[in-house]
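Residue numbers (the working numbering): 287 to 511.
In short, the hints are calculated from the structure, not lab data.
Beta carbons: idealized from backbone N, C-alpha and C, even for Gly.
Treat each hint with caution, since some may be false.
[What the hints assert, rightly or not] Restraint-style ranges between C-beta atoms, simulated for each label pair:
{"id": "1", "residue 1": "438", "residue 2": "511", "range": "30 to 38 Å"}
{"id": "2", "residue 1": "417", "residue 2": "381", "range": "45 to 53 Å"}
{"id": "3", "residue 1": "329", "residue 2": "417", "range": "15 to 23 Å"}
{"id": "4", "residue 1": "444", "residue 2": "495", "range": "47 to 55 Å"}
{"id": "5", "residue 1": "476", "residue 2": "438", "range": "21 to 29 Å"}
{"id": "6", "residue 1": "317", "residue 2": "472", "range": "21 to 29 Å"}
[Said to hold, decoys possible] In the DMTMM-like style, the derived pairs of lysine to aspartate or glutamate whose C-alpha atoms are separated by at most 20 Å in a straight line are:
{"id": "7", "residue 1": "451", "residue 2": "420"}
{"id": "8", "residue 1": "494", "residue 2": "358"}
{"id": "9", "residue 1": "463", "residue 2": "307"}
{"id": "10", "residue 1": "341", "residue 2": "358"}
{"id": "11", "residue 1": "486", "residue 2": "408"}
{"id": "12", "residue 1": "463", "residue 2": "408"}
{"id": "13", "residue 1": "462", "residue 2": "358"}
{"id": "14", "residue 1": "412", "residue 2": "324"}
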Amino acid sequence: MAWSSDPAYLLKEELLAHLRDGRWRPGERLPTERQLSESYGVGRSTVRRVLRQLKGLGLITQIVGSGTYIGEDLAEKLPKPESLDLGISPAELMDARLIFEPGLIDLVVRNGTAADLAGMEECCLKAERAETLEQFEYWDNAFHQKIAEATHNQFVISVFDLMTKVRERSEWGMLKKRSVTPERRGAYQHEHRALWAALKNRDAEAAKASIHSHLIHVRRNLLGY
Numbered sequence: 287m288a289w290s291s292d293p294a295y296l297l298k299e300e301l302l303a304h305l306r307d308g309r310w311r312p313g314e315r316l317p318t319e320r321q322l323s324e325s326y327g328v329g330r331s332t333v334r335r336v337l338r339q340l341k342g343l344g345l346i347t348q349i350v351g352s353g354t355y356i357g358e359d360l361a362e363k364l365p366k367p368e369s370l371d372l373g374i375s376p377a378e379l380m381d382a383r384l385i386f387e388p389g390l391i392d393l394v395v396r397n398g399t400a401a402d403l404a405g406m407e408e409c410c411l412k413a414e415r416a417e418t419l420e421q422f423e424y425w426d427n428a429f430h431q432k433i434a435e436a437t438h439n440q441f442v443i444s445v446f447d448l449m450t451k452v453r454e455r456s457e458w459g460m461l462k463k464r465s466v467t468p469e470r471r472g473a474y475q476h477e478h479r480a481l482w483a484a485l486k487n488r489d490a491e492a493a494k495a496s497i498h499s500h501l502i503h504v505r506r507n508l509l510g511y
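All chains, full assembly: derive it from the sequences and hints.
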């Protein structure tokens, strides 16, 4: 399943990732429906649907007139990402991304539609307007997913979905949280814009150079090489 085919699925996976990496602790109050809706750019009906799913898993409790709170015993209740048993390190993931993602460019240039490009641009805009690191990461991830989807190749999208599951691991999340500074965030935004512009111009060589340079930059910031 391609995780961004449904906004509710994308939001659910993002919230589960926050629970796994410890950003939200048992007993902590969640942002309101309105705040979640504005932060992640989805409708309040989508937020309510996701919260119902999390409540059904026993991960949150909702108290009328008070709010939504993180439940207890999260370790026992959290669904396990498929990647947890694969033993994939952040370094291995980055090496794979450097091979895989530039290879998507020819397909995107050939198959990408105006709607695909508009979706990428929207991710850039939302990332630039993000007020928190969590919001920025959400739209950063969504931008790369939109590129994979613009290939219109279901096998490619499925492979990218696996990469996304690996990135949801707490080890990756902690590395990203430590490595992203305001300056680096600004650089990533600029690099995404350059990549989007090259794809919009159907300039495959410029887009390949742009995404390769971007991923090298990310790897250096995350892993130091």
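Hint check:
no., hint, result
1, 438 with 511: 30 to 38 Å, "holds (34 Å)"
2, 417 with 381: 45 to 53 Å, "violated (33 Å)"
3, 329 with 417: 15 to 23 Å, "holds (19 Å)"
4, 444 with 495: 47 to 55 Å, "violated (27 Å)"
5, 476 with 438: 21 to 29 Å, "holds (27 Å)"
6, 317 with 472: 21 to 29 Å, "holds (25 Å)"
7, 451 with 420, "holds (17 Å)"
8, 494 with 358, "violated (46 Å)"
9, 463 with 307, "holds (10 Å)"
10, 341 with 358, "holds (12 Å)"
11, 486 with 408, "holds (13 Å)"
12, 463 with 408, "violated (23 Å)"
13, 462 with 358, "violated (26 Å)"
14, 412 with 324, "holds (10 Å)"
Hint check: violations occur at hints 2, 4, 8, 12 and 13; the rest are consistent with the structure.
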